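J.: Since chain H is already given, all that's left is putting chain V on it; use the hints.
Residues per chain are reported as follows:
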Amino acid sequence: MKTLRYGWAFQALLLFELASGNAWADGGVVRFRGVQGPFVITIFTTPAPTPDSATDVSLLVQRRDSNVAILDATVDLQFTPPALSVAKPTEQLCGLPGVALLGHGATQPSVRATRAQASNKLLYAAPIRFGVAGHWTLEASVTRGSDSARVSCSIAVGPPTGRLAGLLPYLLLPPLMVILFAINQSLRKKPRLASANLPEQQKVNPIHAASMSQSG
Amino acid sequence: MTAPLASFTSQLAERLGLATSQPVTSALLFAALVLAPAALALSAAYVSRAVTGVSAPMRELFCRFSFSLIPLGIAMWAGHFLFHLSVGWSSGWETIRRAAADAGWPSLEWRGGGFSAPLLGLEAVQVLQTVLLDGGVLLALYLSWRVCLTYAPRGRDALRLFASWAGLATMLYAVGVWIILQPMQMRGLAGPILSP
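Protein sequences, first through last, are from chains H and V.
Heads up: the first sequence at position 21 corresponds to 104 in our numbering, and the numbers run straight through without jumps.
Heads up: the second sequence at position 50 corresponds to 1049 in our numbering, and the numbers run straight through without jumps.
For reference, chain H alone in the conformation it holds in the complex:
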């Protein structure tokens, strides 16, 4: 009976696991959603953009009157680096191979976001690699026929990940606690051993001994 139950549990787990391939968790976060001209524009990015990995920037463009997704617009992205960032000459804002590479000059070419680069074909996407941490400004322009709109939002790019040194004090906590626990256990064991080695007459309950001395 128990084996049968385990079998069912395993099958359920297997089905759950196979279905999880369709669960696209860890999606992007909404950076901006606004009505501009005839469009409703929503901007998504990777949850925590960092300079050491490619960041996905995706846009959903909808009709203002019906919320229907517009699939034939032209979307261009323009990024402005953080005002106070001290950029090295080699640090660049760049897209994937085939996308224009940008420096930190005043005039920057824009990056085209396309549906071809998005797995969700309702969106216009462009993978971007930010050169430096800080608050970048994204200005997105959407054009469709004679209609156009321009929106902007801020993207906070965090410091590079993978900095183990910053976490070192917190990583030392478990070994320290284990050592303290081991010392505690050995100290607690010693009196017990000492007590075990005493002759029977000397094994007196301390509370009992105290009460005896008071009455005496």
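Simulated from the structure, these hints should not be mistaken for laboratory data.
Just so you know, these numbers come straight off a predicted model, no measurement behind them.
Yeah, the Cβ is synthetic: ideal placement off N, Cα and C, and Gly gets one too.
Just to be clear, a hint being listed does not mean it is correct.
The calculated DMTMM-like cross-link candidates involving lysine to aspartate or glutamate, where the alpha carbons are at most 25 Å apart (straight line), are [as the list claims (entries may be wrong)]: (1) K272/H - D1156/V; (2) K273/H - D1156/V; (3) K204/H - E1013/V.
Interface residues of chain H toward chain V, partial, derived using beta-carbon atoms under 7 Å [as the list claims (entries may be wrong)]: (4) A131; (5) T133; (6) P134; (7) S136; (8) F162; (9) G241; (10) L250; (11) L256; (12) P257; (13) M260; (14) I262.
T.: Just chain V now, with coordinates in the frame of chain H:
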């Protein structure tokens, strides 16, 4: 999913000639959620039994000690949830406003505009995640030790029994720390992002 894993998944799917990375993701999930934990815990049970000569069946050791690793799993889940809470907390308010507007409270209707920044910086989130993992691994080690004492009251035997399970907990802790140090990848929106 972390960026290295997302990249590995898409590259493997490409190498296998698959149109989508979903089968690879499913296979990796099955390996990570079922095969690897079972294999590691069985190995730890086998080693602890072989080293100490405890007469308890391996299945019993496997079941009792596996439960002691639960705090570590909860800590990892809480750390991951903390990350999503930090980056997505503002969307909760927007959702409430939209629901209220749909329910007939137009004064709360969303008028458009930007969303606020994450609740905590990435560094602060990583510190909190590490502290959560610290608590999880310490509790897991303590519970394992208590279970060891029920099988081997003598300190030296208990330590021998404890070694393999402590090693497993430490390994899972190290994997957890590695995961929180990796950049998170966004799935479902962009196509596979390859390193430039």
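J.: Confirm or reject each hint.
T.: Quick rundown of the hints versus the structure:
At most 25 Å may separate the alpha-carbon atoms for a hinted pair to count; K272/H and D1156/V meet this at roughly 15 Å. Straight-line distance between C-alpha atoms of K273/H and D1156/V comes to about 18 Å, which keeps the hinted pair within the 25 Å bound. About 20 Å separates the Cα atoms of K204/H and E1013/V, which keeps this hinted pair within 25 Å; it holds. Given the 7 Å rule on beta carbons, the hint for A131/H holds: about 5 Å separates it from the nearest Cβ of chain V.
Because the beta carbon of T133/H sits about 5 Å from the nearest beta carbon in chain V, less than 7 Å, this interface hint is met. At about 10 Å, the closest approach between the beta carbon of P134/H and any beta carbon in chain V exceeds 7 Å, and the interface hint on this residue is violated. Among the interface hints, the one on S136/H holds; its C-beta lies about 4 Å from the nearest C-beta in chain V, closer than the 7 Å criterion. Interface restraint check: F162/H against chain V, minimum CB-CB distance 16 Å, threshold 7 Å, status violated.
The interface hint given for G241/H is met, as the beta carbon of that residue sits about 4 Å from the closest beta carbon of chain V, less than 7 Å. Given hint, L250/H at the interface with chain V, holds; its Cβ is 5 Å from that chain's nearest Cβ, closer than 7 Å. The closest approach between the C-beta of L256/H and any C-beta of chain V is roughly 5 Å, which is under the 7 Å cut-off, so the hint is satisfied. The criterion of a C-beta within 7 Å of any C-beta in chain V is met by P257/H, whose closest approach is roughly 5 Å, and the hint holds.
With 7 Å as the threshold, the beta carbon of M260/H comes within range of chain V, its nearest partner Cβ sitting at about 6 Å, so the hint holds. The beta carbon of I262/H is not positioned within 7 Å of any beta carbon in chain V (closest approach about 12 Å), and the interface hint is therefore violated.
Figure legend: structure checked against the earlier numbered hints; hints not met, in rising order: 6, 8, 14.
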